[in-house]
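These protein sequences, in sequence, are chains A and B.
One gets the numbering used here by counting positions in the first sequence from 1 and adding 809 to each.
One gets the numbering used here by counting positions in the second sequence from 1 and adding 809 to each.
It is worth saying that the hints were derived from the structure and are not from the lab.
Incorrect hints may have been included.
The list cannot tell twin chains apart, which means a pair is met if one copy fits it or any two copies do.
Unchecked claim - Cut-off 20 Å, straight-line C-alpha distance, at most; resulting in silico cross-link-like pairs (SDA-like, lysine to any residue): (1) Lys903 / Gln914; (2) Lys833 / Ile862; (3) Lys903 / Gly955; (4) Lys903 / Arg997; (5) Lys840 / Asp1004; (6) Lys989 / His979; (7) Lys923 / Glu1005; (8) Lys918 / Gln1000; (9) Lys924 / Arg904; (10) Lys840 / Leu1003; (11) Lys903 / Asp1004; (12) Lys924 / Gly963.
Number of protein chains: 2
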Amino acid sequence: MPYVDTFDAIRGRRAIKKFDSTYKMSTDDIKSLMELTILSPTSYNQQNWRFIIVTDQDVKDRISIAARGQAQPKDGSLVIVLCGNTNAWNQDPKRYWRNNTPEKQELVKTNLAKKYIDNPQARRDEVFRSCGFAAQTIMLAAKQMGLDTCPMMGFEYDQLAEIIHLPEDHVIAMMLVVGKRAEDAIERGGQLPLDEVVFENSF
Amino acid sequence: MPYVDTFDAIRGRRAIKKFDSTYKMSTDDIKSLMELTILSPTSYNQQNWRFIIVTDQDVKDRISIAARGQAQPKDGSLVIVLCGNTNAWNQDPKRYWRNNTPEKQELVKTNLAKKYIDNPQARRDEVFRSCGFAAQTIMLAAKQMGLDTCPMMGFEYDQLAEIIHLPEDHVIAMMLVVGKRAEDAIERGGQLPLDEVVFENSF
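Looking at chain A on its own, in the form it has when it is part of the complex (with noise of 0.2 Å):
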């Protein structure tokens, strides 16, 4: 495996639109793929994220669909849909601190119950940050692996929703696809200066 500088494959890593469709990746690379991806932070250590990793082609062929006939999917060796649980802070939370004292363990269930229990919006909000924060990892980690991925917010919700099975407390975050490219990324559309988007201080 190439041993990739982590600013590399931060300047490296682009949306691929052109996969080969010949290569697929080892039952091994995706584990360590998804070994790595769950060292992302999540709010509370609550773990939110749920991944269902699509190697099967005909599910390929029906997630191509649902993206309104974009190929990345069904080319791409690997999609992963990036899912949230909006029940995980309910879900036996002193899990999540198991390493830690029971004390812990009752307070991050205290505070995570006084956050979401009338809060259905932190609920849904804590979903697309979990799945942010891995599936930027996934991206960066796929650069060192020799891969590219793909990032894809654009679905028709219900008809992925029901490929996966998506059950109901769950909401669907966004999905990527992991392979090798066949052609680069066009040119980057148009970044904005940095003084467009950083402010000192405040706005």
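We have chain A already, so just place chain B on it with the hints.
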């Protein structure tokens, strides 16, 4: 600057609670970090993120108070408040694709409007997704700079919004503290086994 393997950065990233308050990042380091950050993806390249970078000690002290007394903002060298502009999709969006054809620019403008005009939830989801990508980029890039980070999602929202003069159509997604660690992180809380969060082909 050390050469840090992407996998090592992912594995080594931990939420640091105690920062060395005497360490100050250089202006160049902060600029490099933000230049890497804005290479993270956003949906339709809308670059809806906005970053408040705080190095002023007085502002950092006030942010620590807004963070319910937690010391990381006041002790860390740099606080980054990651916000999203929920109207980025509608603010001269053709510029996000200015390196592409006029046809592509028109298409993106139309698609952005279709997705967001009647959907405030989608505009908010985009804030958390984009800021999630960017935050993980910062956390991993910091590792290569020999620095550490602490992601912070718990703070008095209105108090922080006032400190940074948050515009009405912007949302705070989270904060990150960047600096030199004074103490190692505690053991990971209790990671779920891979088979509880990763599913093959469907739930």
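Hints versus structure:
When the C-alpha separation of Lys903 and Gln914 is checked against a cutoff of 20 Å, the pair qualifies only within one copy, where the shortest distance is 5 Å, while the shortest distance between copies is 49 Å. In this assembly of identical chains, the alpha carbons of Lys833 and Ile862 lie at most 20 Å apart only when taken from the same copy (13 Å versus 42 Å across copies). Taking the closest pair of Cα atoms, Lys903 and Gly955 never come within 20 Å of each other, the shortest separation being 38 Å inside a single copy and 33 Å across copies. Proximity of Lys903 to Arg997 under the C-alpha cut-off of 20 Å is restricted to the inter-copy arrangement: shortest distance 13 Å between copies versus 44 Å within a copy.
Taking the shortest alpha-carbon separations for Lys840 and Asp1004, only the inter-copy value of 10 Å comes in at or below 20 Å, while the best intra-copy value is 40 Å. In the homo-oligomer, the alpha carbons of Lys989 and His979 never lie at most 20 Å apart, since the shortest distance is 30 Å inside one protomer and 37 Å across protomers. When the C-alpha separation of Lys923 and Glu1005 is checked against a cutoff of 20 Å, the pair qualifies neither within a copy, at 36 Å, nor between copies, at 25 Å. In this homomeric assembly, Lys918 and Gln1000 come within 20 Å of each other (Cα to Cα) only across copies, at 16 Å, whereas the closest approach inside a single copy is 42 Å.
Proximity of Lys924 to Arg904 under the C-alpha cut-off of 20 Å is restricted to the intra-copy arrangement: shortest distance 18 Å within a copy versus 38 Å between copies. In the homo-oligomer, the alpha carbons of Lys840 and Leu1003 lie at most 20 Å apart only across protomers (9 Å), although the nearest pairing inside one protomer, at 37 Å, exceeds that limit. For a Cα distance limit of 20 Å, the shortest separation of Lys903 from Asp1004 across copies, 19 Å, qualifies, whereas the shortest one inside one copy, 43 Å, does not. In this assembly of identical chains, the alpha carbons of Lys924 and Gly963 lie at most 20 Å apart only when taken from different copies (9 Å versus 30 Å within one copy).
In summary, the numbered hints that this structure violates are 3, 6 and 7.
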